[in-house]
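Residue 138 in my numbering sits at position 138 of the sequence shown, with consecutive numbering throughout.
Check before you lean on any hint, since a few could be wrong.
[To be verified] Restraint ranges, calculated between C-beta atoms of paired labels, are given here:
(1) Ala-111 x Gly-180: 11 to 21 Å
(2) Leu-249 x Gln-134: 12 to 22 Å
(3) Leu-245 x Ala-224: 46 to 56 Å
What the hints contain is simulated information worked out from the structure, not anything from laboratory work. Note that the structure is a prediction, hence the values are computed from the model and not measured. Quick reminder that beta carbons are idealized off the backbone N, C-alpha and C, glycines included.
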Amino acid sequence: LLVPAWVMTRHGLRPLDALVQEISARVASGALTRLPPVGYRELQPVIEAMSIEGRQTICGQAMFIGATTAVDVALESVDRLRVTASSHRRIFLVEVMGRDCGYLATQVGLASGAEVIVVPEAPMDPAAVAAEIQAAYRRGKSHAIAIVAEGAPFDAEAIATHFRAQQAELGFDFRVCRLGHVQRGGAPGVFDRMLATRLGAAAVERLPAGAGGVLVGLIGDAVAATPLSDVAGRTKPLDLAQLELARTLSL
Numbered sequence: 001l002l003v004p005a006w007v008m009t010r011h012g013l014r015p016l017d018a019l020v021q022e023i024s025a026r027v028a029s030g031a032l033t034r035l036p037p038v039g040y041r042e043l044q045p046v047i048e049a050m051s052i053e054g055r056q057t058i059c060g061q062a063m064f065i066g067a068t069t070a071v072d073v074a075l076e077s078v079d080r081l082r083v084t085a086s087s088h089r090r091i092f093l094v095e096v097m098g099r100d101c102g103y104l105a106t107q108v109g110l111a112s113g114a115e116v117i118v119v120p121e122a123p124m125d126p127a128a129v130a131a132e133i134q135a136a137y138r139r140g141k142s143h144a145i146a147i148v149a150e151g152a153p154f155d156a157e158a159i160a161t162h163f164r165a166q167q168a169e170l171g172f173d174f175r176v177c178r179l180g181h182v183q184r185g186g187a188p189g190v191f192d193r194m195l196a197t198r199l200g201a202a203a204v205e206r207l208p209a210g211a212g213g214v215l216v217g218l219i220g221d222a223v224a225a226t227p228l229s230d231v232a233g234r235t236k237p238l239d240l241a242q243l244e245l246a247r248t249l250s251l
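Take the sequences, apply the hints, and build the full model.
Here it is in structure tokens:
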């Protein structure tokens, strides 16, 4: 039975799309300690985490559905840009999505061999980014890629503004590329397809038994259910060791 949202509203019931949006926002912000009222009964949902925008910091799962595909899409774009950067001896500032989390930027930067990675968890001002690029030139590199998370205190545009003002002193040409919502499209990779299948099956299995109020996620190689009360307000830090590894590999 499909019930239009306006019918539900007329009878004092909350449309499910609005309810899901509120639950998602509360989980993302760590403010979900109990489910918001629906209007006719208390729901006990089984939640699957689906996001590409860096919410890898939420506990109860090791990987969100959609994250690896977003990394693959961004990585392909960076590989294409590196060809142009090499042939024109340029710097590319590539801004990726991620809101206030640097997970996507870190993964893309590490996998692509970027010379610089800028994330909210380890901020770099424009002068520091320029210094890293100049150091790469002194090591004999003819071009460089800087991956910048959109939520970094100095995003790609802020860094570019500084570069334009200091163009004569910097001594290199640069371009800015914002991948934006390109990362949200495309066919999902095999990992995301398998993850969605496994988590979807696990969620359906729990519903008849009334085992709701949980987040199903991949922990290690196993699907596990974590109570929402254990998820709310808890976060996982970004693995900053990966930034150091990326810096070492770029030498």
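TODO: Kindly indicate which numbered hints from before are broken by the structure, ordering the numbers from low to high.
DONE: Per hint list: single violation, 3.
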